[in-house]
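J.: Which chain is which? The protein sequence lines are A and B, in order. Numbering (numbering that gives the first Met the number 0) for the first sequence: 0 to 547. Numbering (numbering that gives the first Met the number 0) for the second sequence: 0 to 167.
Hints listed in this document are in silico derivations from the structure and should not be mistaken for laboratory results. Keep in mind that the hints are not guaranteed to be accurate.
[Stated by the list, open to error] Partial pick of chain B residues on the chain A-facing surface, computed with a CB cut under 10 Å:
#, residue
1, Ala-1
2, Thr-3
3, Leu-52
4, Leu-79
5, Ala-90
6, Cys-103
[To be verified] When the alpha-carbon atoms are kept at most 20 Å apart in a straight line, the in silico SDA-like pairs for lysine to any residue are as follows:
#, chain 1, residue 1, chain 2, residue 2
7, B, Lys-2, A, Ala-464
8, A, Lys-343, A, Gly-264
9, B, Lys-2, A, Ala-74
10, B, Lys-2, A, Tyr-200
11, B, Lys-2, A, Leu-47
12, B, Lys-2, A, Lys-416
13, A, Lys-396, A, Tyr-200
14, B, Lys-2, A, Ala-127
15, B, Lys-2, A, Glu-45
16, A, Lys-416, A, Glu-186
17, B, Lys-2, A, Glu-124
18, B, Lys-2, A, Lys-396
19, A, Lys-416, A, Arg-459
20, A, Lys-154, A, Lys-396
21, A, Lys-343, A, Leu-180
22, A, Lys-396, A, Arg-459
23, B, Lys-14, A, Ala-43
[Stated by the list, open to error] If you want the footprint, here are the derived chain B segments under chain A, 3+ residues with CB under 8 Å:
#, stretch
24, 67-73
25, 91-98
26, 104-110
In this text, all values refer to a predicted model and were calculated from it rather than measured experimentally. The beta carbon of each residue, even a glycine, is placed where N, CA and C say it ideally should be.
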Amino acid sequence: MLEFRKDYFQDERDDRLNEVGQPRQRQDMLGHVTGRTRYFDDHAFEGLLHLKVLRSPHPHARLRSIDVSAAERSAGVKRVIRAADVPVNKNTLLSLIGFGKDDEPLLAVDKVRYKGEPILAVVAESEAEAYAALAKIRLDCDPLPAVFDVEEAIKPGAPVVNETYPANTFEYHEKYNHQKLRFGDVERAFASADFVVEERYQMSPIEHAPTETNGSIAAPETNDRFVVHTCTQALFFSLGTAAKLLDLPSNRLHFIGGTVGGGFGGKVDSLTEPLAILGAMLTGRPVRYVLGREEEMLYGCPRGAERHYIKDAVLRDGRIIARKVTSYFDAGAYTRLSSYGAVKCIAHLPGPYTIPNVHADSYCVFTNRTPATAMRGFGITGVDFALEVQMDKLAHKVGMDPMEFRILNAYRDGDMKAHRRKAHNCALIECVQVAAEKAGWPIRDEFRRMNSLTGGGGERAVIPATASDEVGRIGTGRPASTTPPRAPALPIAPPPRVPQPVAAPPPPVPPAARPAAAPTPREQPKPAVPGPQHGATRFSSVFGTRRR
Amino acid sequence: MAKTPVQFRLNGADKAVFVDGGENLLNALRRGIGDMSAKFGCGQGTCGVCTVLIDGEPQLACLTLAETCAGRAIETALGLAAGPNLHPLQAAFMEHFAAQCGFCTSGMLMAAKALLDRNPSPTREDVAEAISGNICRCTGYEPIINAVLEAASKRGGQPSGEQGRARI
């Protein structure tokens with residue numbers, strides 16, 4: 000059962016908590032148990048039309064021609080919607096906060112980049128008639144070489160997935176092809192370590208599989224507006240996205256939602272709202288666009304695949320003295336939210352541990368797979384899986400108990416994080432102690448007595464001398480090698496232990512002279528940095544725009 | 000397309016609806032009559048969110064032809080409460096936090112009702128078996144099973160018409 004431990008950190012908090020720790024009934028519970036809760040699809044409209052999309056049968060192909068004449072004459076069909084019917088047929092979700100370039104059409108133009116990409120839409124009197132019309136469309140396309148692996152995608156000569164990002168990597172602040180974290184000197188630490196452990200971790204895409212599939216219903220409303228009943232998890236995000244794609248002022252869209260039949264991150268991409276509204280605009284009638292279960296499973300945006308290489312240096316006494324991480328986030332064919340996942344990853348590294356030398360690169364890579372999106376801690380979850388399995392391996396290597404090993408290396412208040420911010424309100428030691436206690440896992444007294452409030456700071460608060468580098472700068476071509484060697488992880492023969500400062504600060508290295516901009520032809524001409532087109536720039540600290 | 004009239008009892012009231020050939024009961028209830036309590040989740044009988052009772056038996060409305068329901072008695076979650084009084088299952092679901100997004104709840108309740116009507120004193124295993132065709136993706140199976148067991152114990156030995164005290 001849930002236990003609320005008020006004894007921890009009580010001196011740091013005003014503890015007059017009236018709600019936290021108290022059971023409170025959900026305000027929507029009565030609706031749920033009486034069957035009266037209204038989800039987006041629980042609204043009836045007279046004259047409701049049904050929209051279905053033609054999806055690409057290929058993971059990567061050039062569109063040659065599409066013959067819709069038979070489909071347009073098919074029974075019950077009211078309208079075929081083509082790419083040319085979309086007012087602004089290019090978008091990226093995070094453009095609403097001024098992050099990233101528009102890279103994804105609502106309906107494919109010239110090219111399809113993943114299997115299942117929408118090419119055109121049919122609006123008909125019934126779902127059956129819409130499907131029948133789709134079957135009559137004659138699609139002629141030339142399959143192109145496709146790439147499905149993040150490391151294959153960044154090799155020279157790999158097929159270009161998305162021409163907006165011709166190197167198959169997302170570009171951060173038009174500057175680097177990855178997110179970068181540098182703290183101290185990992186190579187020196189590797190040379191002085193007792194053991195070096197290097198491993199490769201990966202995670203496949205995961206479908207959210209909500210019991211309610213993605214969908215929406217859009218209908219003409221009075222006052223020249225459209226009402227939109229939607230499953231979205233992000234009502235105003237979807238409203239802004241639809242307004243941009245349809246070139247409508249947002250006050251002509253009346254979004255109603257918030258009651259979501261399971262989301263978990265899979266309902267923030269506005270997969271259906273823009274087409275449903277466009278269908279209503281073009282037919283003057285209510286239009287319903289709902290994914291079937293097969294569509295949801297095959298083409299609904301999943302949590303993306305991840306791959307992580309972790310190389311750690313550890314001393315016999317259990318202290319980790321260096322951690323080097325290279326992470327690849329598979330965005331699929333379009334950015335959606337994966338660029339942010341790679342940012343979260345770098346912000347999370349090296350995990351909740353005080354490590355004096357950290358070096359990490361995190362890439363958001365394009366492949367010909369279904370575009371990935373948010374899902375419960377995306378950018379963190381897979382990283383933590385890798386880090387914690389690695390921690391167990393390190394503990395095993397030095398012959399320590401894995402719980403004690405974590406307590407030994409945990410952040411303590413006052414420690415300097417690799418991001419150059421001091422750790423405070425740390426609680427990992429206490430969490431591990433409670434977990435050990437609950438699990439009946441014996442830990443030694445000295446580890447049971449440790450706490451997050453003491454032992455931190457001092458030498459552990461020092462920012463080491465750190466060399467910067469220009470690896471991955473946009474315009475200098477692809478990195479020569481971003482992949483760590485795949486040699487099996489073998490311990491480096493432990494050198495005789497000579498008492499010496501761990502990874503003594505190296506002499507200060509001046510920042511490498513930035514090469515004069517050597518833009519490649521594909522990058523020119525480039526207009527001045529476009530400002531955010533919708534809304535204010537927020538989350539500036541997250542995306543580093545203040546320091547751009 | 001020619002429409003066929005179908006009559007049945009829904010939650011104790013006579014209903015008539017015109018359906019297309021091949022139309023399923025789920026569509027007839029939702030689009031034809033306006034009872035939206037049964038949901039569409041998969042359309043292929045794997046998720047259970049469309050579960051309704053037909054002559055007391057739990058059935059998947061998405062796989063049931065509407066025309067085969069002529070003359071039969073159908074129960075949905077909208078008919079569970081007796082006026083303002085919640086059914087013991089509904090009260091127990093509220094008490095035990097046995098719903099999160101709520102999308103599977105109508106189907107869960109109907110599967111559970113079929114169980115309790117048949118077996119007033121089920122074991123935990125009986126409950127798990129009864130809802131094994133109903134998928135919850137917010138992973139609330141334990142609270143759901145606890146709620147069904149409590150509803151059974153509160154109703155134990157009482158006439159099946161007895162309702163819980165909680166009110167809408």
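J.: All hints are to be evaluated individually against the structure, with a verdict given for each.
T.: So, going through the hints one by one against the coordinates:
Checking Ala-1 of chain B against chain A by beta carbon gives a least distance of about 14 Å; that is not within 10 Å, so the hint is violated. Because the closest C-beta pair between Thr-3 of chain B and chain A is about 16 Å apart, greater than 10 Å, the hint is violated. Given hint, Leu-52 of chain B at the interface with chain A, is violated; its Cβ is 13 Å from that chain's nearest Cβ, farther than 10 Å. Given hint, Leu-79 of chain B at the interface with chain A, holds; its Cβ is 7 Å from that chain's nearest Cβ, closer than 10 Å.
Taking 10 Å as the C-beta contact cut-off toward chain A, the hint placing Ala-90 of chain B at the interface holds, the least distance being around 8 Å. With a cut of 10 Å, the hint placing Cys-103 of chain B at the interface with chain A holds, because the nearest CB-to-CB distance is about 5 Å. For the hint linking Lys-2 of chain B to Ala-464 of chain A, the alpha-carbon distance of about 80 Å lies beyond 20 Å, and the restraint is violated. Distance hint between Lys-343 of chain A and Gly-264 of chain A is fulfilled; the C-alpha atoms sit about 15 Å from each other, no more than 20 Å.
For the hint pairing Lys-2 of chain B with Ala-74 of chain A, the CA-to-CA distance comes to about 17 Å; that is within 20 Å, so the pair holds. For the hint linking Lys-2 of chain B to Tyr-200 of chain A, the alpha-carbon distance of about 58 Å lies beyond 20 Å, and the restraint is violated. Between the alpha carbons of Lys-2 of chain B and Leu-47 of chain A the distance comes to roughly 18 Å, so the proposed pair stays at or under 20 Å and holds. Only pairs whose Cα atoms come within 20 Å are accepted, and Lys-2 of chain B paired with Lys-416 of chain A is rejected, the gap being roughly 70 Å.
Of the supplied pair hints, the one linking Lys-396 of chain A and Tyr-200 of chain A holds, its CA atoms being roughly 18 Å apart against a limit of 20 Å. Restraint check for Lys-2 of chain B and Ala-127 of chain A: the C-alpha separation of about 15 Å stays at or below 20 Å, so the hint holds. For the hint linking Lys-2 of chain B to Glu-45 of chain A, the alpha-carbon distance of about 17 Å falls within 20 Å, and the restraint holds. This hinted pair checks out: Lys-416 of chain A and Glu-186 of chain A have alpha carbons roughly 19 Å apart, not beyond 20 Å.
For the given pair, Lys-2 of chain B sits about 15 Å from Glu-124 of chain A by alpha-carbon distance, which is consistent with the 20 Å threshold. For the hint pairing Lys-2 of chain B with Lys-396 of chain A, the CA-to-CA distance comes to about 73 Å; that exceeds 20 Å, so the pair is violated. A distance of roughly 9 Å separates the Cα atoms of Lys-416 of chain A and Arg-459 of chain A; the hinted pair therefore holds under the 20 Å criterion. Using a Cα cut-off of 20 Å, the hinted pair Lys-154 of chain A and Lys-396 of chain A is violated, with the two alpha carbons roughly 34 Å apart.
Distance hint between Lys-343 of chain A and Leu-180 of chain A is fulfilled; the C-alpha atoms sit about 12 Å from each other, no more than 20 Å. Between Lys-396 of chain A and Arg-459 of chain A the CA atoms are separated by roughly 24 Å; this puts the pair beyond 20 Å, and the hint is violated. Taking the CA atoms of Lys-14 of chain B and Ala-43 of chain A, the gap is about 18 Å. The hint holds against a cut of 20 Å. Taking a C-beta to C-beta cut-off of 8 Å, the stretch 67-73 of chain B contributes 0 residues in contact with chain A, too few for the three needed, and the coverage statement is violated.
Check result for the stretch 91-98 of chain B against chain A: holds, 4 residues qualifying (beta carbon to beta carbon below 8 Å, three or more required). Counting residues of the stretch 104-110 of chain B whose C-beta lies closer than 8 Å to any C-beta of chain A gives 3; at least three are required, and the coverage claim holds.
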